[in-house]
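Asks: Spelled out, the chains give:
There are 2 protein chains.
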Amino acid sequence: METKLEQKQEELLEQQLEQLEEALEKEDREKIDELYEHMHPIDLAEAMEEWEEEELERFCGLADDEKLAELLTEADEELQVELAKYLSNSRLLLIFSHMQKDDIVDMLGNLRINRRKQLVDLMRAGDRRVITELLGYDEDSAGGIMTTAYIALDGRLTSADALRKIKEIGPKTELIETIYVLNSQKQLVGTADLRDILIAQDTDTLRSLADENVICVEPETDQEEVSLLVSKYDLNAIPVVNKRKVLLGIVTVDDIIDVILEEHTEDILQMAGVSKEETIDSTIPQSVRRRLPWLCVNLITAFLSSFAIKSFESVIAQVVALSATMTIVTGMGGNAGNQTLSIMIRGIALGEVELKKSWRLVLKEALIGLVDGIFMGVATGFIVFCIYENLYLGIIIFIAMIANQMIAGFCGALIPLIFKALKQDPALASSIFLTAATDILGFFIFLSLASVFLPFLR
Amino acid sequence: METKLEQKQEELLEQQLEQLEEALEKEDREKIDELYEHMHPIDLAEAMEEWEEEELERFCGLADDEKLAELLTEADEELQVELAKYLSNSRLLLIFSHMQKDDIVDMLGNLRINRRKQLVDLMRAGDRRVITELLGYDEDSAGGIMTTAYIALDGRLTSADALRKIKEIGPKTELIETIYVLNSQKQLVGTADLRDILIAQDTDTLRSLADENVICVEPETDQEEVSLLVSKYDLNAIPVVNKRKVLLGIVTVDDIIDVILEEHTEDILQMAGVSKEETIDSTIPQSVRRRLPWLCVNLITAFLSSFAIKSFESVIAQVVALSATMTIVTGMGGNAGNQTLSIMIRGIALGEVELKKSWRLVLKEALIGLVDGIFMGVATGFIVFCIYENLYLGIIIFIAMIANQMIAGFCGALIPLIFKALKQDPALASSIFLTAATDILGFFIFLSLASVFLPFLR
Chain X
4 METKLEQKQE ELLEQQLEQL EEALEKEDRE KIDELYEHMH PIDLAEAMEE
54 WEEEELERFC GLADDEKLAE LLTEADEELQ VELAKYLSNS RLLLIFSHMQ
104 KDDIVDMLGN LRINRRKQLV DLMRAGDRRV ITELLGYDED SAGGIMTTAY
154 IALDGRLTSA DALRKIKEIG PKTELIETIY VLNSQKQLVG TADLRDILIA
204 QDTDTLRSLA DENVICVEPE TDQEEVSLLV SKYDLNAIPV VNKRKVLLGI
254 VTVDDIIDVI LEEHTEDILQ MAGVSKEETI DSTIPQSVRR RLPWLCVNLI
304 TAFLSSFAIK SFESVIAQVV ALSATMTIVT GMGGNAGNQT LSIMIRGIAL
354 GEVELKKSWR LVLKEALIGL VDGIFMGVAT GFIVFCIYEN LYLGIIIFIA
404 MIANQMIAGF CGALIPLIFK ALKQDPALAS SIFLTAATDI LGFFIFLSLA
454 SVFLPFLR
Chain G
4 METKLEQKQE ELLEQQLEQL EEALEKEDRE KIDELYEHMH PIDLAEAMEE
54 WEEEELERFC GLADDEKLAE LLTEADEELQ VELAKYLSNS RLLLIFSHMQ
104 KDDIVDMLGN LRINRRKQLV DLMRAGDRRV ITELLGYDED SAGGIMTTAY
154 IALDGRLTSA DALRKIKEIG PKTELIETIY VLNSQKQLVG TADLRDILIA
204 QDTDTLRSLA DENVICVEPE TDQEEVSLLV SKYDLNAIPV VNKRKVLLGI
254 VTVDDIIDVI LEEHTEDILQ MAGVSKEETI DSTIPQSVRR RLPWLCVNLI
304 TAFLSSFAIK SFESVIAQVV ALSATMTIVT GMGGNAGNQT LSIMIRGIAL
354 GEVELKKSWR LVLKEALIGL VDGIFMGVAT GFIVFCIYEN LYLGIIIFIA
404 MIANQMIAGF CGALIPLIFK ALKQDPALAS SIFLTAATDI LGFFIFLSLA
454 SVFLPFLR
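Quick mapping for you: the protein sequence lines, in order, are chains X and G.
Count along the first sequence from 1, add 3, and you get the number used in this note's numbering.
Count along the second sequence from 1, add 3, and you get the number used in this note's numbering.
Please note: incorrect hints may appear among the correct ones.
Identical chains blur together in the list; that is why a pair holds if it fits in one copy or across any two.
List time: in silico EDC-like cross-link candidates among lysine to aspartate or glutamate, alpha-carbon distance up to 20 Å [what the hints assert, rightly or not]:
#, residue 1, residue 2
1, LYS189, ASP157
2, LYS367, GLU13
3, LYS235, GLU265
4, LYS235, GLU49
5, LYS235, ASP261
6, LYS29, GLU9
In case anyone wonders, no lab produced these hints; they're calculated from the structure.
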């Protein structure tokens, strides 16, 4: 529900954006600065996605490095690439000096390899080392999303000294509430809460204030795993350490939210056989290109069920009622299977499914299919018996319904587990594979039963 | 991917839990305290879900109020109710004094109304007022998830005075990084970053340090809307204000993550027609009870498509090949429609779909269906022509495929939009309604065409 407050906030933003475009037209740098002061960079970045090339070029000429740094941080891939066109390498390096290392790495990852190399080569040695290291991690791993802008202090410092250092480093970090406490070997030994440092005696050591139960991850840890830990333990950031427990970086909660949103988008799209790159803003050719491959897979499975039916053509020719009733069995199977599928995919995403114990889930889903199948089978069998006035047709559809509901539960649980065991995304086109199973087997079981009972059906 | 570090962390936890259960058996309070010191409450709370009643009772007797406060905060609904059984009202009030107000409200919401009333009546007047107010908000609104444990200070304070107050209040708040700045009428006028306060001149006023661009929400704002704002603006908390801009509370990012996870679960489950209450831990009777209603709806739609086929029985009797080929048209339609559905539902959840402009999306999806339909139709038509050696059958399936792919795109986009316009969850059983449309219309179009071209098909 959109409240009045939100509507007002949106209207204000629209006015600001209009005025900004006017000021840009007039090259009124002062007005731009003033308007920018009252806006959030993300709002401007989103608006800029719709701007013309010349507006973007003019903006790059008029805005200072700090503004461009904020905007590049918030910009999506396309806008980053577009803006980079109007910025020289030396200008970009100046802008980078106002950006966090992890954001620079994200941006570099979107540029063409030549430009990326040029920029990295032009960096100061210290920055180059950090950036190269960060570029080395898989972008979906903890290393790929971590930032190096945190406060880590030696545990032997007193709280007074620590506070002095925090005041000094604080403005450059992403997080100030949690201070990472290191031992003399630079290993992470605990975290100290800024609250505790603020109220501590001046002579207390940081080590004495630190909480030693630190949940950490390694740079190779998958981002989904990282997000589960952060949400489970309500962390505002999670430290990334190497095998010797040396602190390499932290992943902050705002990046974790992005991970969660991204992973969920992947799940819901991939389940239906849509590429995770597609959004509602994709053009028609993009969408077609991304969906056709899975539709082709689907076409193959559709022909397989067609062949299953075709092999019983002589039976159907004798009892045409079969063609109208067989689709009830498969339709119900497809939807029941999708119920199981959605429960499983969500459970896996929330880290609630252990592969070792997962045979129980498969069994449970098959049993649910049995129970649902009995209910649905009785109802369907009775209705079909009434319509076609044939008891055997009713019995056949009753049995086929139970069998196919069990298949739906079994396959709905098994398909995502197989993908997980193969280290693939459990949602990958699972809906297409599932309906293939419930269609092919559903038709086959129902029509096989019909051919056995054929004399009683005619 | 689970790294070695995580495995080690898990093994350690298992050991701790075993030792804790032993200590509990021996009623060794000291050992329990020591073990607890090295654990995270959420880990213990999760383990306690599996404990026997007598273990829980013994734990309630041995643990101090602070521990129980932490555990009740982390416990799920069931465990909260279970633990409350072994705690007297007066003990619970002592425990509440160690809990945040929003967590108390959550817990009260899970107790039976009598107990809830007793507890509220026993509270001190000040607490009772806050709790009653919080209990009054819808649990899915900003008011229902906000906390009152924040720092709000008068803007006329100097930074030195502010820092003194922060040291005093800080330990009791959920958030310390952001200080909410009020004017003399207690209205929210800005937020100040603790970093800036730390490095400010002692005589700077808080108002001069504050950022006045504050994104806020009202208590009635839907939690999904709140989560979109927090993730868009990378906030660590969002203030909740009333119409006069008086600060009522804040929603912190850890609660936002819970909202996002909850909303995702709802979307993916409801799309397939599963109650949002179901988890992979639900028992078989629970699951059956929650899924059967939608399966019944599905049974009705399955019979509707069956009737569509039945009305063409005489045509099918003459050309049995139709019964094996018609399911290709509907199967492809169902899956293409689910592709569209998943894009739409995700777009709506991410706040990217505006109802006013959404006719464009419906049109776009229908056009994608047209293009995909032409590709799939040509392939299918050609294969069917080769198998059945009948050109007209190939042409009919080509046309029906295009029509049904367009219907799939059209309905896949329209169904969630209709639910949204009706202020229902856009995902609600959308998959069941969609396959109803693609099945019924798909069969009807294909078989109608066949009856028109019947002379050429025999």
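Asks: Now tell me if each hint is right for this structure.
Replies: We went through each hint and held it up to the structure:
1. LYS189 - ASP157: within (8 Å within a copy, 41 Å between copies)
2. LYS367 - GLU13: The answer is neither: 49 Å in one copy and 27 Å across copies each exceed 20 Å.
3. LYS235 - GLU265: both (18 Å within a copy, 13 Å between copies)
4. LYS235 - GLU49: between (31 Å within a copy, 10 Å between copies)
5. LYS235 - ASP261: The answer is both: 16 Å in one copy and 9 Å across copies each meet 20 Å.
6. LYS29 - GLU9: Cα proximity of LYS29 and GLU9: none, with 31 Å in one copy and 57 Å across.
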